[in-house]
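A.B. asks: Given the coordinates of chain A, work out where chain B should sit on it, guided by the hints.
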Amino acid sequence: MAVHVDANIVRQVAKLAKLSLTDAELPDVARDLERVLALVAVLDEVDVAGVAPLVHPHEQGLQPRADVPHVGLTQAQALANAPAQDGGCFLTPRVIG
Amino acid sequence: MTATAHVEACLSRIAARDGEIAAFLHVDAEGARARASALDAQPDRSAPLHGLTIAVKDNIAVAGQPLTAGSRMLAGYMPPRDATVVARLLAAGAVLVGKTNMDEFGMGSSTELSGFGPTRNPLDVTRVPGGSSGGSAAAVAADMAWAALGTDTGGSIRQPAAFCGLAGLKPTYGRVSRSGVVAYASSLDQVGPLARTVRHVARVYAVIAGRDPLDATSTDEPVSAVTWRADLAGLRIGVAREHLAAAEGLDADVKQRMEAALDALRTRGAVIVPVSLPHTRHAIAAYYLVATAEASANLSRYDGLRYGQRAPNPQTLDALYTHSRADALGKEVQRRILLGTFALSAGFQDAFYQKACRVRRKIADDFTQAWQSCDLLLGPTSPVPPWRLGEKVADPLAMYLMDAFTVGPSLAGLPALAVPVGVDSQRLPIGAQLIGRAFDEATILAVGDVLQRAFDPTLEVA
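Here the protein sequences line up with chains A and B, keeping their order. Counting with our numbering, you get residues 398 to 494 for the letters of the first sequence. Counting with our numbering, you get residues 5 to 466 for the letters of the second sequence.
No lab work stands behind these hints: they were computed from the structure. You can take every hint at face value.
DSBU-like cross-link-like pairs, simulated, lysine-lysine; straight-line CA separation at most 35 Å:
#1 B:K396 / B:K335
#2 B:K366 / A:K412
#3 B:K335 / A:K412
#4 A:K412 / B:K396
Quick list of simulated restraints, FRET-style, between CB atoms:
#5 B:L463 / A:P424: 52 to 60 Å
#6 B:K259 / A:L470: 49 to 57 Å
#7 A:H467 / B:K335: 38 to 46 Å
#8 B:A264 / A:V448: 33 to 41 Å
#9 B:L401 / A:A481: 35 to 43 Å
#10 A:V400 / B:Q373: 30 to 38 Å
#11 B:A51 / A:V452: 33 to 41 Å
#12 B:D44 / A:V468: 30 to 38 Å
#13 A:Q409 / B:G238: 53 to 61 Å
#14 B:Q260 / A:V448: 33 to 41 Å
#15 A:Q409 / B:P84: 34 to 42 Å
#16 A:P424 / B:Q373: 43 to 51 Å
#17 A:V448 / B:G238: 32 to 40 Å
Fair warning: this is a prediction, and the values are worked out from it, not measured in the lab. Note that the Cβ used here is the ideal one computed from N, Cα and C, for glycine as well.
One chain only, chain B, in its complex shape:
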């Protein structure tokens, strides 16, 4: 298939379905057509993503396309240059089709908290696609793009991938450049791919991973090629009791799918090892203090002066700041800024932020202990299948608890991969989460591929 034919097919599906799904905030139809035409005219088609369409989450800068990060605050903002990950996709021959919807600044788990309206799950439009990269997941699940970029701070790639029946990778912290990505929580944010198959995820990951001089937190740790496997002989897969047998609030169908996944892996030669992550029940609390503290600092840049919305006729500089921010930032964003500011404020910092950082080390130590007896971990991505639109949006705490299994690897900086492992009794998709050692994306991708194909033997391997 030519790049042009592939792009036209994606644009047709966007035209047909995105009025209902609302995966995209901006579609660059003309840019995508021109790019595809130029690629089709090239004799050399060896670039790793030649002619493949990719949708980009709207907190990642693409020069010439608006960027809002799902916030009314940034309506009309045009980034001056490409994010490093975008430059790498373009150098690898990708075609960018547009910018995808998201919870405002990444703060949400359902894409209902976008300043521009919710995205719907293409597999069941009465349900959420997950979040915060819900637009990216919906775009791929509806075949509006071959793959998408998302960002993940506490589960925002993995959970929407699971909710839309896709694979999604949060790389190790430092693996992928954050230059040109709107900051939410800088010690947690990572960019990663979502796609139909683990192998497609691996192709995009191989392009975007690696040191970038523009991001001092990116590392020059070598990026290993994935060795695809036919079986898992000799591999030890840990299962934390706190993520399965003793998990709080775990849906019965999700639990049953995880047991089926373990059976499939055991059949293919893996040894299943029981382990414990004793601080799992503390991870949500530590995460929400650390993430909001960092957000309160990062989002101080929205001051109504240099970019973003400006309150009309402010009489003082302080009024300019406080009214611009209160008028243009959504309620959940303001809630998190206030919590983070509180956790960092004099008199409370030791009891909240510093305490959360100490518990964060205990959480990271739990994983280090687990690696003594296993090579990777398997558990659920989300405790429940995709919920109905509006079901949890009025109760932020209920929404926070949905991140119970994804925030731990985020706090520890570890790579984690969502893999589809079938559907529940209502035919809603369920995703397993594979967690790897730092910088060992290759192992979770290889095992994820075996796992995905165990549940879908007809899957293409290209």
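For reference, chain A alone in the conformation it holds in the complex:
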């Protein structure tokens, strides 16, 4: 499927991906994305009518562990790598007024 990638598509994808891009970066990113999409257009050759997607090698399902309590991270361990914390919590910018 050929897709023309313009600045609006890149802006929307970057927004979804939570990546800050400047307007100056948009043309290069659009060109990169369009080149990769041209590469993957080879998939159009394959007839996949009636073929179910294979999303994971283990189609028999996962093997969760027994549902019993166990010791996880302590609060101190969970916070140890946080770049900003306050009062035992991760610190975010103000989100309400």
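C.D. replies: Positioned in the frame of chain A, the structure of chain B alone reads:
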């Protein structure tokens, strides 16, 4: 040799050469010395890896050692506990010498895309060691460690092993726990060993393989012991025309080495069977859509809040996310996140991600069809020998195409082993790839051992 003497020899080589090679991001010299000393004081030396040095790729957690996954995003991060594979190595008596360099989050084929600078190939320092486990391969090839752990999403153990003249195993998906391993593409990632010989790879593999309750994708399929063989009588080795005779972009020396490998196997009793993997030419495209789609979800965890870098003075939560990520993630990582996000986005998901998953099934079916007429497959690991630093780094698509033969087994979840089969006309190492049926690592290891020793009869078998 005592563990202490072995560790000191490795540390000496690191001191002598790693300034140039840059295999390691972190060397735990004092920890390794203390561990070796403690092991030497033990009367019982029967543990399977007693006193042997192992380097660990920097996307695998070792408690007390920093973990970056090759990304500036994780500079300064300290993991709270060992990955399951690390705990198993330690229980088996191994000595961990340090953390090895890698392409950022595993996204690359040359270890030039590390946030901390490239690693060089110890066999020719003007060339890349392969990637993304290039630091692990370089560490072993320079005798800085007896073996190393790598991770492989689309070839990241096998290709650097081939580029550095080593053996390297990507186990069957689900064979080895991923608990404590930084996720790139969760339906593809596997941990595996790199070492000088197939037998050394098998020793490490036997320690790390097997069900782990902390990873719901790990299976309790029994891990068979390898039966080492003197000959290959009765074994059928398939050769896909798309991987050799009709392969696109295959270097002439690589092709010649594969033919020499087939001759060696035939001489030892194997029957060579022509097969076809007709969707080989579609594997790169399917792989890059599936892997980047999964990466776009997995890497959403780097939000500047819980760990990793945080942009200075963000005024809003959204600015915190978007600026932290854009500032600290490398360009190739951002490129892949954007591609994956695009492939999963409304309006494009059916045409890209879902289509790639349907082609993925056709690729897996090709292998199932091949198993009707052969027991394993042989072909090249990489279409070309190790290239020069900087040669492909400016052209991501050219780099993607280097994974042509390794991504197929990854998409199908199959085990695959890189085995050294000599050198090219410039004395650069060439590696064959043996691909096995799911959970049949034992066969590719046994055949890989015969193959490696055919090209190096003096190889130690211990």
